[in-house]
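Novice: Chains as they are written, first to last, in my numbering: chain A, 1 to 128; chain B, 1 to 461; chain C, 1 to 497.
Hints are computed from structural coordinates only; laboratory data are not their basis.
Take these hints with a grain of salt, some might be off.
[Stated by the list, open to error] Label-pair distances were calculated between CB atoms; the ranges are:
#1 Ala3/A with Gly255/B: 42 to 52 Å
#2 Gly38/B with Glu213/C: 30 to 40 Å
#3 Gly303/B with Phe320/C: 39 to 49 Å
[Stated by the list, open to error] Capping the alpha-carbon separation at 27 Å, the derived lysine-lysine pairs in DSS-like fashion look like this:
#4 Lys92/C with Lys70/C
#5 Lys373/C with Lys401/C
#6 Lys289/B with Lys366/B
#7 Lys66/A with Lys310/C
#8 Lys113/C with Lys70/C
#9 Lys169/C with Lys70/C
#10 Lys324/C with Lys113/C
#11 Lys92/C with Lys113/C
#12 Lys55/A with Lys193/C
#13 Lys66/A with Lys92/C
#14 Lys289/B with Lys208/C
#15 Lys55/A with Lys105/A
#16 Lys169/C with Lys193/C
#17 Lys19/C with Lys70/C
#18 Lys401/C with Lys113/C
#19 Lys66/A with Lys289/B
#20 Lys66/A with Lys107/A
#21 Lys169/C with Lys113/C
#22 Lys310/C with Lys324/C
#23 Lys66/A with Lys402/C
#24 Lys289/B with Lys310/C
Every residue, glycine too, gets a C-beta built ideally from N, C-alpha and C.
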Amino acid sequence: MAAASYPDDLKYHAEHDWARIDGDSATLGITWFAQDQLGEVVYFDPPAVGSALTKDQPYAEIESVKAVSDVVAPLSGEVTEVNEGLSDSPENVNEDPYGDGWLVKIKLSDVSEVEDLMDASSYEGSLS
Amino acid sequence: MSRYTSATDADRAAMLERIGVESIDDLFETIPEGVRLGRALDLPPGRPEQEVFAHLRELASRNVSADDELSFLGAGMYDHYVPALVDSIITRSEFLTPYTPYQPEVSQGTLQVMFEYQTAISELTGLPVSNATLYEGPSALGAAGFLAYQHHRRTRFLISRGVHPHARETLRTMSAGWGIEVQEIPLRDGVTDAGALADALGDDVSAVFLAQPNFLGAVEDLEALVPAIKDCGAIAVCSCDPMTLGVLRPPGDFGVDIAVGEGQPLGNRLDYGGPSFGFFAATNAFLRKMPGRISGETVDADGRRGFVLTLQTREQHIRRERATSNITTAQTLNALAAIVYLSWLGRQGIVEIGELMLQRTAYARKALAAVEGVEPIHEQPVIREFAVRVDADVHDVIERCAAEGVNPGYPLGADYEEHEDGLLVAITEQRTRADIDRLAEVLGRAVAGARRARRPEEVTA
Amino acid sequence: MSLTETPQQRDRATTIYEKSQAGRRAFVAPELDVPHDPDALPERFRRTEPPRLPEIAEPEINRHFNRISKRNFDLDTGFYPLGSCTMKHNPKLHERVAALPGNARLHPAQDPKRAQGALQLMYELQGALAEIAGLPHVSLQPSAGSHGELAGVLLTRAFHEANGDQRHKVLTPDTAHGTNPATVTMAGYEVVKIGTDAQGGVDMDDLKANLDEDVACLMLTNPNTLGVFDENISEIAQLVHGVGATLYYDGANLNAVMGRARPGDMGFDIVHYNLHKTFTQPHGGGGPGAGPIAVSDRIEPYLPRPQVVKTDDGAYDLDFDRPKSIGRLRGFQGNYGVFVRSYAYILSLGGDGLQEASETAVLNANYLLARLKEDGIGEHLPVAFDRLCMHEFVLSGAPMKKNLGLRTTDLAKRLLDHGHHPPTVYFPLLVDEALLIEPTETETRETLDAFADAIADILREGAEDPEIARNAPYTTPVRRLDEAGAAKRPVIRQPLD
Numbered sequence: 001m002a003a004a005s006y007p008d009d010l011k012y013h014a015e016h017d018w019a020r021i022d023g024d025s026a027t028l029g030i031t032w033f034a035q036d037q038l039g040e041v042v043y044f045d046p047p048a049v050g051s052a053l054t055k056d057q058p059y060a061e062i063e064s065v066k067a068v069s070d071v072v073a074p075l076s077g078e079v080t081e082v083n084e085g086l087s088d089s090p091e092n093v094n095e096d097p098y099g100d101g102w103l104v105k106i107k108l109s110d111v112s113e114v115e116d117l118m119d120a121s122s123y124e125g126s127l128s
Numbered sequence: 001m002s003r004y005t006s007a008t009d010a011d012r013a014a015m016l017e018r019i020g021v022e023s024i025d026d027l028f029e030t031i032p033e034g035v036r037l038g039r040a041l042d043l044p045p046g047r048p049e050q051e052v053f054a055h056l057r058e059l060a061s062r063n064v065s066a067d068d069e070l071s072f073l074g075a076g077m078y079d080h081y082v083p084a085l086v087d088s089i090i091t092r093s094e095f096l097t098p099y100t101p102y103q104p105e106v107s108q109g110t111l112q113v114m115f116e117y118q119t120a121i122s123e124l125t126g127l128p129v130s131n132a133t134l135y136e137g138p139s140a141l142g143a144a145g146f147l148a149y150q151h152h153r154r155t156r157f158l159i160s161r162g163v164h165p166h167a168r169e170t171l172r173t174m175s176a177g178w179g180i181e182v183q184e185i186p187l188r189d190g191v192t193d194a195g196a197l198a199d200a201l202g203d204d205v206s207a208v209f210l211a212q213p214n215f216l217g218a219v220e221d222l223e224a225l226v227p228a229i230k231d232c233g234a235i236a237v238c239s240c241d242p243m244t245l246g247v248l249r250p251p252g253d254f255g256v257d258i259a260v261g262e263g264q265p266l267g268n269r270l271d272y273g274g275p276s277f278g279f280f281a282a283t284n285a286f287l288r289k290m291p292g293r294i295s296g297e298t299v300d301a302d303g304r305r306g307f308v309l310t311l312q313t314r315e316q317h318i319r320r321e322r323a324t325s326n327i328t329t330a331q332t333l334n335a336l337a338a339i340v341y342l343s344w345l346g347r348q349g350i351v352e353i354g355e356l357m358l359q360r361t362a363y364a365r366k367a368l369a370a371v372e373g374v375e376p377i378h379e380q381p382v383i384r385e386f387a388v389r390v391d392a393d394v395h396d397v398i399e400r401c402a403a404e405g406v407n408p409g410y411p412l413g414a415d416y417e418e419h420e421d422g423l424l425v426a427i428t429e430q431r432t433r434a435d436i437d438r439l440a441e442v443l444g445r446a447v448a449g450a451r452r453a454r455r456p457e458e459v460t461a
Numbered sequence: 001m002s003l004t005e006t007p008q009q010r011d012r013a014t015t016i017y018e019k020s021q022a023g024r025r026a027f028v029a030p031e032l033d034v035p036h037d038p039d040a041l042p043e044r045f046r047r048t049e050p051p052r053l054p055e056i057a058e059p060e061i062n063r064h065f066n067r068i069s070k071r072n073f074d075l076d077t078g079f080y081p082l083g084s085c086t087m088k089h090n091p092k093l094h095e096r097v098a099a100l101p102g103n104a105r106l107h108p109a110q111d112p113k114r115a116q117g118a119l120q121l122m123y124e125l126q127g128a129l130a131e132i133a134g135l136p137h138v139s140l141q142p143s144a145g146s147h148g149e150l151a152g153v154l155l156t157r158a159f160h161e162a163n164g165d166q167r168h169k170v171l172t173p174d175t176a177h178g179t180n181p182a183t184v185t186m187a188g189y190e191v192v193k194i195g196t197d198a199q200g201g202v203d204m205d206d207l208k209a210n211l212d213e214d215v216a217c218l219m220l221t222n223p224n225t226l227g228v229f230d231e232n233i234s235e236i237a238q239l240v241h242g243v244g245a246t247l248y249y250d251g252a253n254l255n256a257v258m259g260r261a262r263p264g265d266m267g268f269d270i271v272h273y274n275l276h277k278t279f280t281q282p283h284g285g286g287g288p289g290a291g292p293i294a295v296s297d298r299i300e301p302y303l304p305r306p307q308v309v310k311t312d313d314g315a316y317d318l319d320f321d322r323p324k325s326i327g328r329l330r331g332f333q334g335n336y337g338v339f340v341r342s343y344a345y346i347l348s349l350g351g352d353g354l355q356e357a358s359e360t361a362v363l364n365a366n367y368l369l370a371r372l373k374e375d376g377i378g379e380h381l382p383v384a385f386d387r388l389c390m391h392e393f394v395l396s397g398a399p400m401k402k403n404l405g406l407r408t409t410d411l412a413k414r415l416l417d418h419g420h421h422p423p424t425v426y427f428p429l430l431v432d433e434a435l436l437i438e439p440t441e442t443e444t445r446e447t448l449d450a451f452a453d454a455i456a457d458i459l460r461e462g463a464e465d466p467e468i469a470r471n472a473p474y475t476t477p478v479r480r481l482d483e484a485g486a487a488k489r490p491v492i493r494q495p496l497d
């Protein structure tokens, strides 16, 4: 598994989720810290395309062998795509949490919410 | 010190010293004075094994078992022959005494048994996934209800009056806090009234519960009933008798989502009602919502095949308040009895035993219909059990039969007030033609006697 | 072929389906002795292909199950210090009495007049359980501890509804066994977690902050899953009753207190027993068990139906006439075969023996705890709450992880190589890298010493070379298994296509 990393180009939420902002869309996932806590991911139950995410509310569950974790939405929006590849290879969440391990893509409903998120160094600082 | 403990005075002294206290009482200091019992338990003193055995034997002697009478009792549990092979395997220490397989490396025996059992239940029901048991039949039906409640928060259950009365009641008890209305669908001519079911269906129906065969022994027409259930988006649950699934088309064939039932007929004793097991099988769509333990195949560090408890994130020890069930201890040893039994019965045997029951049940119904004062409650196809009404007080009839060493069946009146003098007669492979003929003869006498008793002024010449 | 691979390890776990050959059989069907009726079952109801059950004769069935049985560790063979499980010896008399035909061959729908022995046994068992727990009214119906918990919370619901009270919450401590919150959801209530204080008991401030008239019930185990007897229990009972809620006792740890204290006297309204723990029903690899409940006078009207009663003429009967009952939670009367064994146990031990069982259970646990503080074990596996324990105690493997790089799971797997079943691991959740250890009263001092010595050995070995334990076990029929793979791609039945 990759060593701890928190890319600078992403925004972070206290519940260990990241967001890659692209205009009024965002790609979401869980951070290296979260996947490390969970252990090897075995199952991700995605929300339906078209469903609504609310900032700070759980929108899905992610499972390892011995744990289940809520995935919390760092931003509000509508789901436009889910990562189908995770049903065959859930371990991508562990191996490439910011790349192939992405969870969902959303169309943001309130871009101003991005301001409430942390940058990489604040998030990493909050972990110690 | 009792025969099951080993702490002699010398042991105790040495242990207390090592612990660093003076007496056993010191170990219980944390119990506040106000809640200490302060007296001996008001129970008789302990007794040697010989006396305990004698007492238990005396109690058992005051029970009239299926060995002591010719019994046609059924109603969900049946007097099938349990081969000696089952006893010898389930009394093995290695199967009887271990704990749940939480350390799989030393539990491969139990985990493989569970896997083989799950496969057999899947084959019998025609559904792809099975768990490794629930407690018994009625609570397994209740568990299907809980799955439906968690799955889509619709507010009505429909349950056929043909489902076992204990299961209907258990569903009501279990669902008391779910905000769900349980609506009963009546029977018509002994089977679920398809018109009444169709009228009752709607998109607020969470699940529909049927039984196959139903409690009155009738084979239900699942092909006619299930499509409408699926059309309104409800979950179709069928409680079935596993011993009939060698002959009857299985529930999985008809689009049933969940099959449950009472497993006792499969290699488990009567035991005055338990322990037995409940089975629970479902379509793949419900795999991650299933209650109970599940054994799954995997490999070890050296590439050897092995088995582990899998999909544990469904369960209470991980998912806690969001678990698919609170169940932990289930009925694993009884599942072992079942898979040993099903292996003994075999692919051909389950068909043969089903055919035998089918023919003998048909014969028995005709034989009883020919008895004066006895008539079938319905004429639906039956396979191992059928319902008749007697033209007399059924309890008097039962007592008269008992005096001749025959138990003619289960009186229906307490559960079906519309069949006050009804009797449910069960046939297993143990009831021969001679037994059935004897039943007809004894029942004939009993009914005649009971009729006379009811109308003493009419003395038959 | 590896020189060190054991025959067990070479066994490829062939399933009974893989041993089948078409045409082989064990069962011989009786002759059809009635006229064949071709119209007995319309074709459209008939199965077209038989289920693919095994085809195998008796000797091979026998050999198959005997062989795979030897791939199990079991209590008759070795020590099982599983916390919260009470793995005490299963007396062999119990199998004999359960197999008596008057018990084993008795149909549950038999007329009560002809089942007097069974009903008397159940009635007397109820009485004994009532005395042990200090609550007068018992139902034997629930089939396991979880089933008893569900009964208890449903009884609470019925009690409140009868009083015209709509409540929505049930409180459980954060040390609770997962069944407690799962039960609360099944009963249609919302779970509220209560914290634990530094002494290991309920955090009284947190409890007071959360107790209000929307709380239906507080569920507790006492002693709790940390092995600690909560000294505030009387005050807790007062507070809970003060808001009109019920107090529920999870009887998983009853083995600690028989004859010394009773939940009824502590103020509990509803208690469940685990007959497969304290009352030594054999575990069977995951059941059967039984979870009877005992309740106070005010809860009695709601008990499940039927109840076993004694009538005025001294006969025993099943009473269905209970208008306020919550109804049935299962078919027939419950796991009678389990009642027979527990009844025989209670008769064998008597009041004196049951008290002695609890005293020796607590003695054994404290002795083992004392031994596990010696030999340098305590610096790697300190006890979570440094006080005398009751029948079980929790160690934390967190220092071991830090000092030696060994996790609790590694210690557990290496214990398997020493011929001991490991303790309960990673529970309770409150303790990091938890090891919950319950020796029970039926173990000798020598066994406890051997277990402590094994732990010391593993730690010494771990200090030299942690890789050994990390790759353990070596001597079991299979080595560490890929649980992630089993969860990702579940294969839960034999494919037969």
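Novice: Enumerate the violated hints, using their earlier numbering and listing them in ascending order.
Specialist: 3, 6, 7, 8, 9, 11, 13, 14, 18, 20, 21, 24
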